[in-house]
Every structure is written in structure tokens, then in C-alpha cells.
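Undergrad: For reference, the chains in residue letters:
Protein chains: 2
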Amino acid sequence: MLSRRNFITQSVAGAAAIPMILSASLPAAKPKGGKKLFNSGDVVLFQGDSITDAGRNKSTQRPNDAGSFGNGYALMAASGLLSRFPEKQLVIYNRGISGNKVFQLAERWEADCLALAPKLLSILIGVNDYWHKRSYGYDGTVAIYENDYRALLKRTQNALPDTPIVICEPFAIEGGTAIGDKFQEELEPYRHAARKLSEEFNTLFIPYHSIFIEALKHAPAPYWSADGVHPSMAGAQLMANAWLKTVAGFNN
Amino acid sequence: MLSRRNFITQSVAGAAAIPMILSASLPAAKPKGGKKLFNSGDVVLFQGDSITDAGRNKSTQRPNDAGSFGNGYALMAASGLLSRFPEKQLVIYNRGISGNKVFQLAERWEADCLALAPKLLSILIGVNDYWHKRSYGYDGTVAIYENDYRALLKRTQNALPDTPIVICEPFAIEGGTAIGDKFQEELEPYRHAARKLSEEFNTLFIPYHSIFIEALKHAPAPYWSADGVHPSMAGAQLMANAWLKTVAGFNN
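Protein chains in written order, with the working numbering: chain A, 123 to 374; chain B, 123 to 374.
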């Protein structure tokens, strides 16, 4: 009983849960106050590929609904916002679709982005623009990725000029089963294009590639992702925490 | 562009994301340090009913696997531990089963708890012990709930004397569609029995009923749960945050 009793009296916060990985890989949060992040009823939209999709039920597509969100970083980031800002009555959608590249986002952008009129838009796209070329016969190039992405961002800012955008860096986790020879080297220009577009369009940017490099100092690749592309529970929560820290100053 | 620019320069942490609901409904965390919460490779187990189950894929039952975890508070709490403690290489299972009452936990306890040898065990059970009596012809009583639960806890402490236990309070969220006349009044003795057993067995206790009463000051019932029994994304994340705060001192 003694060990149990010690646990009860000492465990609360005794764990000293310091989010080391994000402290090391993200700029320190500098609270400035003043600016309201959200207004009541704001729509927030997560867009992307399978990493965002994460097995969501596409027959429902409801906002703020777990089944419609899958079980990846978008569920976790959205749930973080919803639990922390109940007064805001945010309306949060996940519209990621497995396998998507930029041109496929563009094809469905009217219905799956502009018509929803998001007040905050988060996009994670790019790994398939490279990976499907490498392994699935897609004939795109990094120039096509960059130009398609630029056109999508222009179209978005024209239609939704006041909507802040979050660009999430495409990433590959070294040691994952899908990350073969030259994968990192060949994905790099896609990552750089995403960062360049973030600067060009003055968006928030989440450096997921750097975050996972830092994460690998703490646990090996399979802990964060089996194939190096699709995050595990640990990887998805780390992504959500980075998103919440960057967008809303959470110190998860 | 100006509003976007303001967002970029001011939003980081400007949101002043203070977890008000938990500050109001949980004791302040008092870091004491010293005691290690987890050892490397420790097994953590979430047990319970549909709230814990949350649509998990029961054909896989893998630890640390999103599909095997569903999309409720257990996914979120487990992901929180995994993302924050990578060096611990925790092995976390969800074995909640929809519809379960205490006697059904007892029937599968050997395989679904003791054989897994958890180093930390979390149990949320009780709403069906009442609700299925109220609405589905179950003939149990609060005395049966309490006695069955006591026997289960004794059996657990005998088999796993060093394993800390977390008892989660059964709850009903006023205003949910399933919470009819006298539901709260009649659930109350079940809640009290769970709290009494927590004291009797010196376990951690998460006062979910009080937490949701506090949450209702910030948003109406459907925001936290449609039926008052099964939490929404917001409700599940709030539960996970309370769990992580109580067990590991997270300040989510």
C-alpha cells in the first residue's frame, strides 16, 4: 500500500511534464494580448491529405464531430480548441482526403474550403506530391507543387482576404518503413517550397519536419510513425500540440 | 492584409489560453517532484464502458494504436502521455466496451486487465449500472454496483498490489437528450459510491460530474454532449485534460 499511497500524495504534477520537444523546436511563445484570436461562431477548417483525414467518416462531414474527424492531429487540435474556448462556439471542420496532392485540393476547393468560409484555415499538403511521384507513377514536379500551391493560396486570399492561413510543413520521419533511399533529399525542395509560400503569403508556419527531427532524439521512428509518413498517436498529439502552441499559444 | 498581418504577429499566445474550467473544478496542482510517475515500458490501461470504448476497433486491440483507441477521452489522454513522455516508452491499452456495467468488467477482468499487468489502471464505470436499469430492463441496484465494484477493486489490488488506480466519477450532463426526469437524482448514489470506493481503496479520483457542472457555465449541454452521457469532442478533450492534470500534472 505504501507505494500506492506515495503515488497518491506525490504524483499530482510530480511528473514535471515539460513539453521539451516543442520548447526545442518552436519559437518561445511571447504573449502579447490584445488581439482576439477568434470571434464567436468562427469556422475553422483543416485541409490536407491522409495525415489530416486520419480515417474520418466522409459520409457525415459534420463539424465538431469525432466520427467526422478521424483520429489524427486534426481531431486533437480541434478538440483542444473546443475544450479551451467554449464561449467561442467554434465550428470546426476536417476536410482532409487521403492521397490528395495540391491539384486535388484545388479541384474541390470551392465546396471544401471557400463555401465553408473559414475564419482560420490550416493546410498540410505535399508529401504525396513527392511520394506518389516516387512510388505511384504520378508525374508532378516540385515546380508544379509550388505553382499549384501558390495559385491555391492566391485564390484563397482573394476569396477570403481576412482569413489567416496556417501552412503546415510536409515531413518525413527518418527511419519509417516508407522512407527509403533519397526520400528525405528529394522531399526537401517540397518542404522549402511550402516554407517559401508561407513567407510569400505571410501565413503561420508549423515546422513539422524540424519538430520530428527533435522528437527522434527522444524516441525512435516507430514511436512517432510506423511508415514515416502517417503519425502514431504520439506523433499526432505532438503535431496537435505544435499547432495549438503556434496558433493559440497553448503550452501543451 | 493588415488583419492577417496582425494575426501573424500577435496571435502566438495572445489567445491567453487559460484552462478555466479545470482551474475551477480541480485542486491546484502542487508539484512535489521526486516520485517517478512512470518507469520505462510501463503498461497503462483504460477500462470502462462506451465512453471509454468510443468506437475503438476491437479486432485489433493494439496498444498505442489510434484505431484500437477510438476517438474519445482515452485516445486523447493516452496520446497526451505518449507525446509528453517519449523516453518512457509507455504501452497503453484501451479495453472499454460499450454498454458495460461493473459485473461485465468483472467477467472479462482476467483477460482484459490482470493479464495485461498494468502499472496504472484507470476505470470509468457506472452510468450504465443506473441507465440500463432506468431504460433497458437491467435489474441491478446501487448496492450491487457498489459491492461488485468493491470486489473488483479488491481483486485488482490483490493481483496488482503496486498498481495505482484512477477512479473516474460517473456523470450525466444536465440538458442532454437522455437525461430525463430524476436521472441526476437517481444517478447521484452511484456517483457517491464511486467516490466512497476511491477513498476506501486510496485511489486517484476524477470528479467528472463537478467538471461538467463547471463546463456548463461556459457552454450549453450539446456543446459537451448531445445525449448527456457520451461526450462530444470538446467534452472528451476536457475529460482527457482533467485526467492528465490529475494523474500527471499537465496544465492543459
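Take these hints with a grain of salt, some might be off.
Where chains are identical, the list cannot tell them apart; a pair therefore holds if satisfied intra-copy or between any two copies.
To be verified - Below, in silico cross-link-like pairs of lysine-lysine (DSS-like), each with a Cα-Cα straight-line distance of 27 Å or less:
hint	residue 1	residue 2
1	Lys255	Lys210
2	Lys241	Lys255
3	Lys210	Lys339
4	Lys255	Lys339
5	Lys241	Lys339
6	Lys339	Lys276
7	Lys180	Lys339
8	Lys304	Lys276
9	Lys210	Lys158
10	Lys339	Lys158
11	Lys255	Lys158
12	Lys318	Lys180
13	Lys304	Lys241
14	Lys158	Lys241
15	Lys158	Lys304
16	Lys318	Lys210
17	Lys304	Lys180
18	Lys210	Lys304
19	Lys158	Lys276
What the hints contain is simulated information worked out from the structure, not anything from laboratory work.
Undergrad: Now, for every hint given, state plainly whether the structure supports it.
TA: Hints and how they fare:
1. Within a single copy, Lys255 and Lys210 get their C-alpha atoms no closer than 42 Å, and across copies no closer than 37 Å, so neither meets the 27 Å cut-off.
2. For the homomeric pair Lys241 and Lys255, neither the shortest alpha-carbon distance inside one copy (33 Å) nor that between copies (46 Å) is at most 27 Å.
3. For a Cα distance limit of 27 Å, the shortest separation of Lys210 from Lys339 across copies, 13 Å, qualifies, whereas the shortest one inside one copy, 37 Å, does not.
4. Taking identical chains as interchangeable, the C-alpha atoms of Lys255 and Lys339 are never at most 27 Å apart, the minima being 30 Å within one chain and 52 Å between chains.
5. Proximity of Lys241 and Lys339 under a CA criterion of 27 Å is satisfied inter-copy only: 25 Å between copies versus 36 Å inside one chain copy.
6. In the homo-oligomer, the alpha carbons of Lys339 and Lys276 never lie at most 27 Å apart, since the shortest distance is 38 Å inside one protomer and 41 Å across protomers.
7. Taking the shortest Cα distances, Lys180 and Lys339 never come within 27 Å of each other, neither inside one copy (36 Å) nor across copies (33 Å).
8. In this assembly of identical chains, Lys304 and Lys276 lie within 27 Å of each other by CA distance neither inside one copy nor across copies; the values are 32 Å within and 56 Å between.
9. When the C-alpha separation of Lys210 and Lys158 is checked against a cutoff of 27 Å, the pair qualifies only within one copy, where the shortest distance is 11 Å, while the shortest distance between copies is 38 Å.
10. Proximity of Lys339 and Lys158 under a CA criterion of 27 Å is satisfied inter-copy only: 21 Å between copies versus 36 Å inside one chain copy.
11. Taking the shortest alpha-carbon separations for Lys255 and Lys158, neither the intra-copy value of 42 Å nor the inter-copy value of 47 Å comes in at or below 27 Å.
12. In this assembly of identical chains, the alpha carbons of Lys318 and Lys180 never lie at most 27 Å apart, being 32 Å within a copy and 44 Å across copies at closest.
13. With identical chains, the CA atoms of Lys304 and Lys241 are never at most 27 Å apart, being 38 Å at best within one copy and 42 Å at best between copies.
14. Proximity of Lys158 and Lys241 under a CA criterion of 27 Å is satisfied intra-copy only: 12 Å inside one chain copy versus 43 Å between copies.
15. Proximity of Lys158 to Lys304 under the C-alpha cut-off of 27 Å is found in neither arrangement, the shortest distances being 44 Å within a copy and 41 Å between copies.
16. In the homo-oligomer, the alpha carbons of Lys318 and Lys210 never lie at most 27 Å apart, since the shortest distance is 32 Å inside one protomer and 37 Å across protomers.
17. Neither within a single protomer nor between protomers do Lys304 and Lys180 lie at most 27 Å apart by alpha-carbon distance, with minima of 34 Å and 38 Å respectively.
18. In the homo-oligomer, the alpha carbons of Lys210 and Lys304 never lie at most 27 Å apart, since the shortest distance is 45 Å inside one protomer and 31 Å across protomers.
19. Within a single copy, Lys158 and Lys276 get their C-alpha atoms as close as 25 Å, which meets the 27 Å cut-off; across copies the closest is 51 Å, which misses it.
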